[in-house]
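Q: Read off the chains here:
There are 2 protein chains.
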Amino acid sequence: MPPRTLHLNAFLMNTGHHEASWRLPESDPYAHVELDHYVRLARAAERGTFDSLFLADGPHLWGSVAQRPSGALEPLTLLTALATATEHIGLIATASTSYNSPYNLARKFASLDIISGGRAGWNIVTTAGADAARNFGLDAEPAHAERYARAAEFLDVALKLWDSWEDDAIVADKASGVWGDDAKIHPPRHRGTYFQVEGALNVPRSPQGYPLLVQAGSSADGKAFAARYAEAVFTAQQTLADAQAFYADLKALTAAAGRDPGHIKVLPGIVPVLGSTEAEARANEQVLEDHIVHVHGVANLERLLNLPAGSLELDAPLPADLPSEDAVEGAKSRYTLVVELARRDRLTVRQLIGRLGGGRGHLTFAGTPEQVADAIETWFTQGAADGFNIMPAVLPSGLDAFVDHVVPILRARGLLRTEYPGRQTLRERYGLPRPVNQHTAALV
Amino acid sequence: MPPRTLHLNAFLMNTGHHEASWRLPESDPYAHVELDHYVRLARAAERGTFDSLFLADGPHLWGSVAQRPSGALEPLTLLTALATATEHIGLIATASTSYNSPYNLARKFASLDIISGGRAGWNIVTTAGADAARNFGLDAEPAHAERYARAAEFLDVALKLWDSWEDDAIVADKASGVWGDDAKIHPPRHRGTYFQVEGALNVPRSPQGYPLLVQAGSSADGKAFAARYAEAVFTAQQTLADAQAFYADLKALTAAAGRDPGHIKVLPGIVPVLGSTEAEARANEQVLEDHIVHVHGVANLERLLNLPAGSLELDAPLPADLPSEDAVEGAKSRYTLVVELARRDRLTVRQLIGRLGGGRGHLTFAGTPEQVADAIETWFTQGAADGFNIMPAVLPSGLDAFVDHVVPILRARGLLRTEYPGRQTLRERYGLPRPVNQHTAALV
Numbered sequence: 001m002p003p004r005t006l007h008l009n010a011f012l013m014n015t016g017h018h019e020a021s022w023r024l025p026e027s028d029p030y031a032h033v034e035l036d037h038y039v040r041l042a043r044a045a046e047r048g049t050f051d052s053l054f055l056a057d058g059p060h061l062w063g064s065v066a067q068r069p070s071g072a073l074e075p076l077t078l079l080t081a082l083a084t085a086t087e088h089i090g091l092i093a094t095a096s097t098s099y100n101s102p103y104n105l106a107r108k109f110a111s112l113d114i115i116s117g118g119r120a121g122w123n124i125v126t127t128a129g130a131d132a133a134r135n136f137g138l139d140a141e142p143a144h145a146e147r148y149a150r151a152a153e154f155l156d157v158a159l160k161l162w163d164s165w166e167d168d169a170i171v172a173d174k175a176s177g178v179w180g181d182d183a184k185i186h187p188p189r190h191r192g193t194y195f196q197v198e199g200a201l202n203v204p205r206s207p208q209g210y211p212l213l214v215q216a217g218s219s220a221d222g223k224a225f226a227a228r229y230a231e232a233v234f235t236a237q238q239t240l241a242d243a244q245a246f247y248a249d250l251k252a253l254t255a256a257a258g259r260d261p262g263h264i265k266v267l268p269g270i271v272p273v274l275g276s277t278e279a280e281a282r283a284n285e286q287v288l289e290d291h292i293v294h295v296h297g298v299a300n301l302e303r304l305l306n307l308p309a310g311s312l313e314l315d316a317p318l319p320a321d322l323p324s325e326d327a328v329e330g331a332k333s334r335y336t337l338v339v340e341l342a343r344r345d346r347l348t349v350r351q352l353i354g355r356l357g358g359g360r361g362h363l364t365f366a367g368t369p370e371q372v373a374d375a376i377e378t379w380f381t382q383g384a385a386d387g388f389n390i391m392p393a394v395l396p397s398g399l400d401a402f403v404d405h406v407v408p409i410l411r412a413r414g415l416l417r418t419e420y421p422g423r424q425t426l427r428e429r430y431g432l433p434r435p436v437n438q439h440t441a442a443l444v
Numbered sequence: 001m002p003p004r005t006l007h008l009n010a011f012l013m014n015t016g017h018h019e020a021s022w023r024l025p026e027s028d029p030y031a032h033v034e035l036d037h038y039v040r041l042a043r044a045a046e047r048g049t050f051d052s053l054f055l056a057d058g059p060h061l062w063g064s065v066a067q068r069p070s071g072a073l074e075p076l077t078l079l080t081a082l083a084t085a086t087e088h089i090g091l092i093a094t095a096s097t098s099y100n101s102p103y104n105l106a107r108k109f110a111s112l113d114i115i116s117g118g119r120a121g122w123n124i125v126t127t128a129g130a131d132a133a134r135n136f137g138l139d140a141e142p143a144h145a146e147r148y149a150r151a152a153e154f155l156d157v158a159l160k161l162w163d164s165w166e167d168d169a170i171v172a173d174k175a176s177g178v179w180g181d182d183a184k185i186h187p188p189r190h191r192g193t194y195f196q197v198e199g200a201l202n203v204p205r206s207p208q209g210y211p212l213l214v215q216a217g218s219s220a221d222g223k224a225f226a227a228r229y230a231e232a233v234f235t236a237q238q239t240l241a242d243a244q245a246f247y248a249d250l251k252a253l254t255a256a257a258g259r260d261p262g263h264i265k266v267l268p269g270i271v272p273v274l275g276s277t278e279a280e281a282r283a284n285e286q287v288l289e290d291h292i293v294h295v296h297g298v299a300n301l302e303r304l305l306n307l308p309a310g311s312l313e314l315d316a317p318l319p320a321d322l323p324s325e326d327a328v329e330g331a332k333s334r335y336t337l338v339v340e341l342a343r344r345d346r347l348t349v350r351q352l353i354g355r356l357g358g359g360r361g362h363l364t365f366a367g368t369p370e371q372v373a374d375a376i377e378t379w380f381t382q383g384a385a386d387g388f389n390i391m392p393a394v395l396p397s398g399l400d401a402f403v404d405h406v407v408p409i410l411r412a413r414g415l416l417r418t419e420y421p422g423r424q425t426l427r428e429r430y431g432l433p434r435p436v437n438q439h440t441a442a443l444v
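Residue numbers (the working numbering), protein chains in the order written: chain Y, 1 to 444; chain P, 1 to 444.
The reader is advised that the hints may include incorrect statements.
As the list makes no split between identical chains, a pair holds if one copy fits it or if it spans any two.
Below are the SDA-like pairs computed for lysine to any residue, each with C-alpha atoms no more than 25 Å apart in a straight line [stated by the list, open to error]:
{"id": "1", "residue 1": "251", "residue 2": "183"}
{"id": "2", "residue 1": "184", "residue 2": "13"}
{"id": "3", "residue 1": "184", "residue 2": "28"}
{"id": "4", "residue 1": "174", "residue 2": "401"}
It should be emphasised that the hints constitute simulated quantities derived from the structure, not laboratory data. Quick caveat, the model's predicted, so the values are computed rather than measured.
Required output: the full structure, derived from the provided sequences and hints.
A: What follows is the structure in C-alpha cells.
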C-alpha cells in the first residue's frame, strides 16, 4: 500500500478569498469574468500537482455590487473551457439540487466528464436563501429539511440517469447496421415526490461513470447526506479539535451508512497568508484587513445572522440573544461557526469582520511556508483531514506563493506527489474506485 | 454599402446528416461523443470563413439506439470547448424554452458569450414530443400554442436578465472601494404566467449584450415568434418557389412586427452531396441510400406522422387519410413538408425514406461543386435566402469537400468573404447591430 498522501483542492474565487483583495494594486477587478485569469490559476494548480480545482456558486446576484467583484461565469461553462486548457487537474463545479432539473444537470456533468477525459466533479449544494428562491418562481426559500429531502431524491434520479447506459451499450456494428444495444439502455422511469423522470439520459456513460460527488454542508442534514453520497467533503473548521471531531464523526456516519469510510475524503478549508517571516505574513494580512469597507462587512454579517439591517454596532460584541442554529433555515453550520468564533475569542463586530474577511469562516493562517506546511502536516497526521481546500486570500499571487513555497516543503516531507502519474480520472486522483453501474453490479 | 454576401452556417451532427453515414468505412461511430471530431469540424468551417456553426438538440434519447449514433454532448458544453479551439466562428447552441429555467439559461449563454469573445448564439426551440416532456415531470407534451406562449414569456424574461446590468455598471474604483454602481443594476421583478424571476443576473452584460437569437420553427406560431424575436432563421424548403414564398412572408411579418426586415436573416438548409461529375454525385448519394436500414426508417416516419407502429407499408404510398397540420401538436411545419413531398413526387414509403435520409426534410442536392454553387447563387439572388445552413451528409468529409470545392467558387463569384475581417462578434458577422440595453435605450 502506497503511503497516504495529501489531497489538495484549489478553491478559485475572483481576485481571492479575502473580500478586499480586489482593491490591492496587483489585482484585476475584472478578473472574475476573464477566462485568461482562470486558465492561469488552473495551470498554477497543475504546477503544484493539486488533485482538483473548485468553483463555488449560487444562482443569484449576491448583495450590493458596490462591495466587490460581483457575478461570475457559470461554473460548468467555465470548467469546460478550463478542461481544454489543462491536462490533469480535476474540475469541480458547484450546482444546486434546488434550482436545476436532474435530466439537464446529469447531462451537463456527463458531457463535461467526457470532454475532460474523466475529470468532472460535482459540489452538491441545496442553496440557502430567499434571493435564489425568488429567481426560480418561489416566494421564499424552501425549509432546510425540505431542501435536503429534494437533494436526496435528486441524487437518486441523477444516479439512475448516469447508469441508464451500461458501459458496453454501444455495439457499433457497421456491417449489420446495429449501433447500440437497446437491452443495455435502462430508462429510470422515476416517479417520486419531487421528480418524475421517464427516459434514459441522451449521452452514453462517461469515463468516470459519473462525476466525483462532493459536498460541503456541515449541519446534521448535511453530514447525513454526505455520509450517504459524498466522496469528498469541503468543510470550515477553526481549530484542530473541532476538525478532529468533525472528521471522526463523518467517517463514523459513513461507515454506519454502509460505506467504506476511506471512500470519503475530508478537506478543511485553509486561507494561507504567506510571508518570508511570521511578521511579514501578519503585515500582509493587515494590509488586506485595512482595505475592508466596514459598512459592507456589517451588512454581510447581518445577512448571515438573519438580523435586520442596523442591528450590529461595529465596536460592540454580537448581541447576546441570537437564535440557535435550529431556528435558522439558511446555512446552519456556518451560522454556528461564526457565532462561536465571536464568543470564543470575545470579538467585536469589527474584529469579527476582519477575521471573516479572509475565509468567511474558514481558517486563516498567516505564517511562513514552513509554518503553513507544519499546520497542514499536523492536521493531516492527527486525524483532522485527508487533504485541504486551499483558499488563497489573493489570486493569482497567493496560489503562486503556495505552489512555489509550500508545495516543495510538502513534497520534501513525502506528503504530496512530486508529479502526476500520467493520465488519471479525478476519482483515481483521489484514490477512489470507479462506480459500478447499478444494472451490472449483480454480475460483478 | 458593401455588396450583399452569403451567410453560411455549418450544421454539425454526428457523422453527418444522412442517417446511414455512420456505416460508411470512413466514419467513426463514436465521433458524436469525441471532442476532437468537433474541433476538426469547427476548424474546417473556419477555413471556409463560415459565419457560424450550430448544434441541434432535444432533452431526451431519440428512439432506438440500435439505429444510429445516439445521445450527444450537451450543446452549450460542447460549444464552450469549441470556443477555446477556434477564433472567429459563431457558436449557436439549441436550448429549449419548455425545459429550462430562464435564470439558468440566460446565465449560461452570457457566460459562453463572455468566454468566446461575443460569439454565442441561441437556437430557440420549444421542443416537440412527449419523450422530452416525460423527462421533466409532465405526462404529455404541452400543446403547440402553449409552448409558444411560454417561449415568448421566456424570451421577455431572458432579455430582462441580459439587460439587468447596464454596460457601464462596473466602476472598479479601488481607491474608494466601490466596485459596481447599484443604480445600474435592474432586477427584472418579473411576475408572469409561466415565470417569476425577481433578481438581476449574476453575470455582467456580455460582449454582444445577449446571444444572437436564432429560430427554426416554420409553423404559423413559429413564424410569428421569429418575426418578433429572431435575428436568423433556419428553415427546410424543398423548392425555390416555396423558399421564396417563405422568405417574403417572414420579411413581411418582421416588418409588420415593427422590426427592420434586414435584421432577420433567412437560411434554408441544404444537404450537398458532391461529386466531380453529376453521375459521381448521384452514385455517392446512392451509396448512402443503400446503407439505410428500412425498419428504422419506417418507425421514424410513423413517429413523425403520429401513426401507430405498423401503419406504413414499405412499397406503398402514404395513407390517403392523414390528419391535417392543425391536428398535430408536434413539429407542425415539418409534418406538412414531408406529407407534401411524398404526394407531390408520388413517392412510396421506401422512396420517401430515401429522400429523407439525407436531410430529414431539408433539400438534398447531389451535384458537382459548380452545380451546388449555382443552386446557392440562384436562391441567394432570387429572393429565397440570405445564406444557407450547410448540412453535409457525411462528416467530416462532406464539410471538407464543401470548403475545398464549393467555397472557392462562391468566393470567385464575390458571394462569400475570402477571409475574416479580424475579430468580430457573431452579430457583427451577420451584419446586425448590437442590442441597446432596454434601460439605456431612452438615452441614446
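Q: How would you label the pair residue 184, residue 28 (within, between, both, or neither) given a Cα cut-off of 25 Å?
A: Between copies only: 21 Å across, 51 Å inside.
Q: For the identical chains here, do residue 174 and residue 401 meet the 25 Å Cα criterion within one copy, between copies, both, or neither?
A: For residue 174 and residue 401, the Cα distance is within 25 Å only across copies (23 Å; inside one copy 54 Å).
Q: With identical chains, the pair residue 184 and residue 13 could be close in the same copy or across copies; at 25 Å between alpha carbons, which is it: within, between, both, or neither?
A: Intra 42 Å, inter 24 Å, cutoff 25 Å: inter-copy only.
Q: Reference check for the pair residue 251 and residue 183, CA-CA at most 25 Å: within, between, both, or neither?
A: Neither, since 38 Å and 49 Å both go past 25 Å.
When each numbered hint is compared with the structure, a violation occurs for hint 1 only.
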